[in-house]
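Now for the letters of each chain:
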Amino acid sequence: MNEEQQIVVDFLTGKTGKSKFYFNDFLPLFPGKGPRDVKKILTSLVNAEKLEFWSSGSTTMYGLKGAGKPDTDA
Amino acid sequence: MAKHATPKLDQLESGPWPSFVSDIKWEAENRAKNADKVNYQIPVDCPADLLGVLELSYNDGETHWKHGGIVGVFGYGGGVIGRYCDQPQAFPGVAHFHTVRVNQPAAKYYSSEFLRQICDLWDMRGSGLTNMHGSTGDIVLLGTQTAQLEEIFFELTHKYNTDLGGSGSNLRTPESCLGTSRCEYACYDTQDVCYQLTLDYQDELHRPAFPYKFKFKFDGCPNGCVAAIARSDFSVIGTWKDDIKIDQAAVKGYVGGEFAPNAGAHSGRDWGKFDIQAEVVDLCPTKCMKWDGSKLSINNRECTRCMHCINTMPRALHIGDERGASILVGAKAPVLDGAQMGSLLVPFIEVNQPYDEIKEVIEKIWDWWMEDGKNRERLGETIRRLSFQRLLEVTEIAPQAVHVKEPRHNPYIFWKEEEVPGGFDRDIEAYRTRHQR
Ligand code: HEM
Ligand code: HEM
Ligand code: SF4
Ligand code: SF4
Chain A
1 MNEEQQIVVD
11 FLTGKTGKSK
21 FYFNDFLPLF
31 PGKGPRDVKK
41 ILTSLVNAEK
51 LEFWSSGSTT
61 MYGLKGAGKP
71 DTDA
Chain B
1 MAKHATPKLD
11 QLESGPWPSF
21 VSDIKWEAEN
31 RAKNADKVNY
41 QIPVDCPADL
51 LGVLELSYND
61 GETHWKHGGI
71 VGVFGYGGGV
81 IGRYCDQPQA
91 FPGVAHFHTV
101 RVNQPAAKYY
111 SSEFLRQICD
121 LWDMRGSGLT
131 NMHGSTGDIV
141 LLGTQTAQLE
151 EIFFELTHKY
161 NTDLGGSGSN
171 LRTPESCLGT
181 SRCEYACYDT
191 QDVCYQLTLD
201 YQDELHRPAF
211 PYKFKFKFDG
221 CPNGCVAAIA
231 RSDFSVIGTW
241 KDDIKIDQAA
251 VKGYVGGEFA
261 PNAGAHSGRD
271 WGKFDIQAEV
281 VDLCPTKCMK
291 WDGSKLSINN
301 RECTRCMHCI
311 NTMPRALHIG
321 DERGASILVG
331 AKAPVLDGAQ
341 MGSLLVPFIE
351 VNQPYDEIKE
361 VIEKIWDWWM
371 EDGKNRERLG
381 ETIRRLSFQR
391 LLEVTEIAPQ
401 AVHVKEPRHN
411 PYIFWKEEEV
421 PGGFDRDIEA
431 YRTRHQR
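Residue numbers (this note's numbering), protein chains in the order written: chain A, 1 to 74; chain B, 1 to 437.
Just so you know, these hints were derived from the structure itself, not from any lab. This one's a predicted model, so the numbers in the text were calculated from it and none came from an experiment. Hints are not guaranteed to be accurate.
[Claimed, not checked] Pulled from the structure, derived: some chain A residues nowhere near chain B, Cβ distances all over 12 Å:
(1) N2
(2) Y22
(3) K65
[Stated by the list, open to error] Cβ-to-Cβ under 8 Å is the rule here; a few derived chain A residues that face chain B:
(4) S19
(5) F23
(6) T43
(7) F53
Even glycine gets a Cβ: it sits at the ideal position worked out from N, Cα and C.
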């Protein structure tokens, strides 16, 4: 994992009390970067199977893979 | 014999209209018979259990679906909408009932072969129930289980040469009217822009990173067959700059009864003789037309391209030759805030491949909205919160009179000090020599 990916993972494993985050929640982690650059970091973590998407159908959030309530799937 | 008794749903079949209950019952029976010997990959009684759980909801007065979930295909954040039943023991056929959105072809032109393939795929790996099409424009495949998702995705992309559509906080499946393919009113090639932008914005479509959903829709003219002005955050609506073309002989043809107005669309009833004054000239919303008994004239400067006169007399009137589009932004249905129609941002833009001018506007808007938009805030709401003037600044568009919807409604354009020669400072002493207190 590179430094930027580590920042995201540290944030998610830190004491936030939440398992799912909006895209916007990640922007303050990278003050110098615009949304498109932050998106690239998150995408790389999804592709590395560290993060996964959660969707209500209308809104999407990001979380650590397997974090939070277990999925209802068998 | 139906699996679940559904007396409440049965009532819905008694009206004069086609009923979704009858359709689902029909599919439940079909699947039970399995005349085509389909190798079902999800429970055969999925449609029957769907009726059962809906009847239960009607009895309980509350839904038995949970909201959302971590389902999808690898690497995509949208296209699959996860739904789980909260009574899976009673209704195992719908324990999972995920929806798959499939990107419809531009303007929804299909080959019958493609439709058969999609239906065969869905009979085998889904409930067999579809919604052609969802309000988003997508082909909506209703109800499958998690284990089927990657299989379905593989077939769609590798065999049928299509892709999942959008859902969640991403660019939603772009949609266009049939445009120049069949319509003489089309001011640009809607299908081509729609297709090109779908390809160019794959990342935005499949990997959600917006505050909320974002939709483009492309209407070839103000008739708005895909209702872009009401249903999309970014509406591209065909228009023209020069004059409506008038064929005076054909106008006389309509007046004399030689041609049916509206191409005969209202011929089901006798409306009497066509009256060009009452039916066209007086209905022009800007009152810019005149009929002197032998010649029709239009003051094109005042025409708002409402399409009424052209729709009524298509043989006689035709869109102009300097064609392009207007861009409106911010339409939305009520979720956080009330419904909104689009507001005019770009009065006229040429629509030419590779559509860089349009993309430039889109990308400036995205950069702003991704940074300053609040979670679950549509573009229209961000504009209302931060002002239309701010949108003009980020898109680098100079304010002009057409941006004002109506006097006193949205006075959002303010001078900044640097725009005023001499700034805001003044010599108060000198002022007082000329003005008493
Ligand atoms: C008995 C006498 C008057 C009556 C009954 C009257 C009534 C009204 C009414 C009903 C409005 C509309 C308010 C609104 O839309 O909220 C209005 C607006 C206005 N009136 Fe009068 N008016 C009277 C005299 C005057 C006079 C003498 C003047 C000026 C010298 C005046 C200047 C205005 C102006 C400038 C407005 C627009 C204010 C705004 O919308 O902000 N009115 N008046
Ligand atoms: C360059 C000079 C002026 C500027 C920049 C100016 C600007 C404005 C603005 C921004 C408004 C508010 C419009 C709105 O809320 O939609 C307004 C309203 C108004 N102004 Fe002026 N104004 C000017 C001169 C005048 C003069 C000379 C008068 C009267 C002698 C006047 C009378 C009014 C009145 C009555 C209203 C209320 C009108 C309404 O709401 O219908 N203004 N003005
Ligand atoms: S929106 Fe206009 S151009 Fe497109 S199909 Fe409808 S009438 Fe034709
Ligand atoms: S298009 Fe509409 S506004 Fe323009 S001349 Fe015809 S009726 Fe009038």
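Structure-based check of each hint:
| no. | hint | in the structure |
| --- | --- | --- |
| 1 | N2 | holds (19 Å) |
| 2 | Y22 | violated (4 Å) |
| 3 | K65 | violated (9 Å) |
| 4 | S19 | violated (10 Å) |
| 5 | F23 | holds (5 Å) |
| 6 | T43 | holds (5 Å) |
| 7 | F53 | holds (4 Å) |
The structure fails hints 2, 3 and 4 (numbered hints given earlier, in ascending order).
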